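Chemist: The chain contents come next:
There are 2 protein chains.
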Amino acid sequence: MKLKGITALSNGGITSPSGFKSSGICAGLKKSGKPDMALVWSETPAKTSAAFTSCLFAAAPVVYDREIIRKNKPVSAIIINSGNANACTGKKGMLNARSMACMTADLLGISPDAVLVSSTGRIGVQMPMDKISAGIGKAVSGLSMNGGHESAVAIMTTDTRPKEIAASIRISGKTVTIGGMAKGAGMIAPGMKTVPHATMLSYVTTDAAIDSRLLDNLLAEGTDLSFNRITVDGDMSTNDTLIVMANGTAGNRTIKSNSKEAGLFRNALLHVLQFLAKAIVLDGEGVTKFVTIKVLNAPSLKDANLCAKSIANSLLCKTAWFGGDPNWGRVMAAAGYSGASFNPDKASLYYEKTPVVRNGQDAGTPEKVLALIVQKKSFTITLDLKSGKHSTEVWTNDISYEYVKINADYHT
Amino acid sequence: MKLKGITALSNGGITSPSGFKSSGICAGLKKSGKPDMALVWSETPAKTSAAFTSCLFAAAPVVYDREIIRKNKPVSAIIINSGNANACTGKKGMLNARSMACMTADLLGISPDAVLVSSTGRIGVQMPMDKISAGIGKAVSGLSMNGGHESAVAIMTTDTRPKEIAASIRISGKTVTIGGMAKGAGMIAPGMKTVPHATMLSYVTTDAAIDSRLLDNLLAEGTDLSFNRITVDGDMSTNDTLIVMANGTAGNRTIKSNSKEAGLFRNALLHVLQFLAKAIVLDGEGVTKFVTIKVLNAPSLKDANLCAKSIANSLLCKTAWFGGDPNWGRVMAAAGYSGASFNPDKASLYYEKTPVVRNGQDAGTPEKVLALIVQKKSFTITLDLKSGKHSTEVWTNDISYEYVKINADYHT
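Top line first, the protein sequences correspond to chains A and B. Our numbering numbers the first residue of the first sequence as 1 and each following residue consecutively. Our numbering numbers the first residue of the second sequence as 413 and each following residue consecutively.
Just chain A, same shape as in the assembly (with noise of 0.2 Å):
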């Protein structure tokens, strides 16, 4: 990640970027009593791009958003609830999410086609909307500069803390800002296409003035080199969410394709997508670890990225990275597994930068060596296959007795 001419805004959020207000109320919908609904808003339509989940059993509010970012319309707001997922129920969990939509669009006198809405939480449970539709009025009078954090709060779930970012660079002569939060802490697995996977949400809002197919283009290859490279059980969920809003109020000269500005922006959204990212492993259920896995030299990027993931979700190579065990027997036998075909007489293992396997077999260094690596709190293991080109990365975490104790007893 270059950081060069991006400057880090602390305490910074969705509300960083000129032009965008935020709020997080309590609706009523967790029996937490926490709060549980967010809205974002632009007085300034935004030029918007999204990816969603690729399950097939979407969302209700999935199916919704899509529809609209397919009228390739400026967006103003989007309305988000935790606690209900409002999947897998029906035509009236459609005519729900349609509501919200234009309860929220009433409100702040807007067309319903640009509001979007995205919901996390129980899946199959019908939406109350009663609570929902006073849960938005307070939401849009709840609306403030300042209401990044509040809103931040308001999407988590299981999640312990909130992630939120922004950072700002120069752009013919204007500060530009870009400012981000997710929420995600398990049945996280990406692999969106511009599109992601998990229950992940993520909201990214810019003040930048940006070419709408650049957008597209950043917001797709961002979503690759980000929220597709993490996995923390393998599950992927029915409501993930990623949401890009430019509203262009930082008065820079429109940013676009194949110029200086392009990868400067580039950078920045991706270091706001990345920390996002990686905010949602180190925040995996009952994570004690980071792990982040490299496959080099595959013959494809499909070899690559099958022969990581496998590895990432194997729960063998997971739990002995929760016990520190540098059982690297099992981190092979998830890269063979893996369906990637590559010359297992030619891997090579490597704990940080240690030798682990040379040529398929052991490369004789002593275990207590690794372990001294493997019971760190992050740590990287690279597996070199020598059988093409092809490299990637991936993001992950171990499991622990937490995240069965969370997921055992999760209702709400």
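The hints are simulated quantities; they were obtained by calculation from the structure and are not laboratory data. Here the structure is a predicted model, which is why all the values come from computation and not from measurement. A few of these clues could be false.
[Said to hold, decoys possible] Covered, in the sense of this in silico footprint (three residues per stretch, anywhere, with C-beta under 8 Å from a C-beta of chain B), are these stretches of chain A:
# : stretch
1 : 209-221
2 : 313-319
3 : 352-366
[Claimed, not checked] Below are the DSS-like pairs computed for lysine-lysine, each with C-alpha atoms no more than 27 Å apart in a straight line:
#  : chain 1 : residue 1 : chain 2 : residue 2
4  : A       : 353       : B       : 788
5  : A       : 405       : B       : 788
6  : A       : 389       : A       : 294
7  : A       : 368       : B       : 543
8  : A       : 376       : B       : 817
9  : A       : 30        : A       : 138
10 : B       : 504       : A       : 368
11 : B       : 758       : A       : 91
12 : A       : 386       : B       : 503
Using N, Cα and C, we set each Cβ at its ideal position, and we do this for glycine too.
Model the placement of chain B on the given structure of chain A, informed by the hints.
Modeler: What follows is chain B alone, placed relative to chain A:
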């Protein structure tokens, strides 16, 4: 499972068929000092079919056995050790596997080509050949017609109990017996082609006289309908092996394809294989529940299998089952992201015979009713896709704190 014409033998195992001897001894490979070497022996060389892991990092004994099986000659013995997998051990590992066969052959006075080798345990460590050599001596001198149980104990790793069975049928006026034993509790996600996956070792003996090609075909079909239907943790092993030996000493008229006898033998073999496969799931590491996943009416068998395996391997489903939580949204999400193609608006879900989802949405059964079902020790989840004519069935289990504990701590 039709049991017509099949007689279960109480306390039966691999030495129940005539002409087989076995032993299980302590070679000192396990730190615990528990039995860790087994020998299976048929004085009359046996027609032998086998299936092995499809993991690219196949262990040395698997590579060795494949060579032997390819020669298509009768086999007399299988030497098996637990405590060390002899996987990712390079050329030295291959030499050691070959040495195990040669030493066993020498002591039994047979050709090395008539000996198969199996290993299970820690990956990446060279075999302690001094202990192996002494152990083979003990195993040969310990051979006994009553040694089936000892050998079933000696092949265990994290298994909590030995898995054995025997059954007999009548063929052309003679009693034909089939015996079997298996080990496996973790790293279980078969998918063998006539070649299993998972540190699953399974051995079947029979005194039947049977056509060689018929035996191969029945093993291939039987593997698909038993071990390839189970998954404990989605992790395949480097060492999975299933071997069937038929020594013909029952004196029956040779069983030929497309005969009534072939059907009877097939059912008895399936009975033995399915019993052993289910026993592995039931003895899965930390298992508290046995779950049958049926997927009906998929567009293709591939779609049906993708769906069923995706549900069976979903960590979120497995932890919900552990918690006795009917959370059917997780089941639908796992089907939805499986990659299987089907119409989500037609899909219906049942817990036992109780409707849960009808045409993609909540069937309205009270959660308390569903909770009573998933809180049972054993239950069936049926997903009817109504999108085709292909169906499948998978057997799996939950994931508990205990699974994490066992695999975080496992070091042989």
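Chemist: Given the hint that residue 376 of chain A pairs with residue 817 of chain B, does the C-alpha gap stay at or below 27 Å?
Modeler: holds, 19 Å
Chemist: Using a Cβ cutoff of 8 Å, are there at least 3 residues of the stretch 209-221 of chain A near chain B, or does the coverage claim fail?
Modeler: violated (count 0)
Chemist: Hinted pair, alpha-carbon criterion (27 Å max): residue 405 of chain A, residue 788 of chain B. Please report holds or violated.
Modeler: Between residue 405 of chain A and residue 788 of chain B the Cα gap is close to 19 Å, so the pair holds against 27 Å.
Chemist: Apply the coverage criterion to the stretch 352-366 of chain A and chain B: a residue qualifies when its Cβ sits closer than 8 Å to a Cβ of the chain, and three qualifying residues are needed.
Modeler: It holds, with 5 qualifying residues against the three required.
Chemist: Are the Cα atoms of residue 30 of chain A and residue 138 of chain A separated by 27 Å or less?
Modeler: Judged against 27 Å, a Cα distance of about 16 Å means the pair holds.
Chemist: Hinted pair, alpha-carbon criterion (27 Å max): residue 389 of chain A, residue 294 of chain A. Please report holds or violated.
Modeler: holds, 13 Å
Chemist: Hint check: residue 353 of chain A vs residue 788 of chain B, CA-CA at most 27 Å. Holds or violated?
Modeler: violated, 48 Å
Chemist: Could you grab the alpha-carbon distance between residue 504 of chain B and residue 368 of chain A and see if it respects the 27 Å cut-off?
Modeler: holds, 23 Å
Chemist: Mind taking a look at whether chain B covers the stretch 313-319 of chain A? Criterion is 3 or more residues with CB to CB distance under 8 Å.
Modeler: holds (count 5)
Chemist: Quick one, are residue 758 of chain B and residue 91 of chain A close enough, alpha carbons at most 27 Å?
Modeler: holds, 13 Å
Chemist: Taken at face value, is the distance from the CA of residue 503 of chain B to the CA of residue 386 of chain A at most 27 Å?
Modeler: It holds: about 19 Å lies between the C-alpha atoms, which stays within 27 Å.
Chemist: Is it true that the CA of residue 368 of chain A sits at most 27 Å from the CA of residue 543 of chain B?
Modeler: holds, 24 Å
Figure legend: structure checked against the earlier numbered hints; hints not met, in rising order: 1 and 4.
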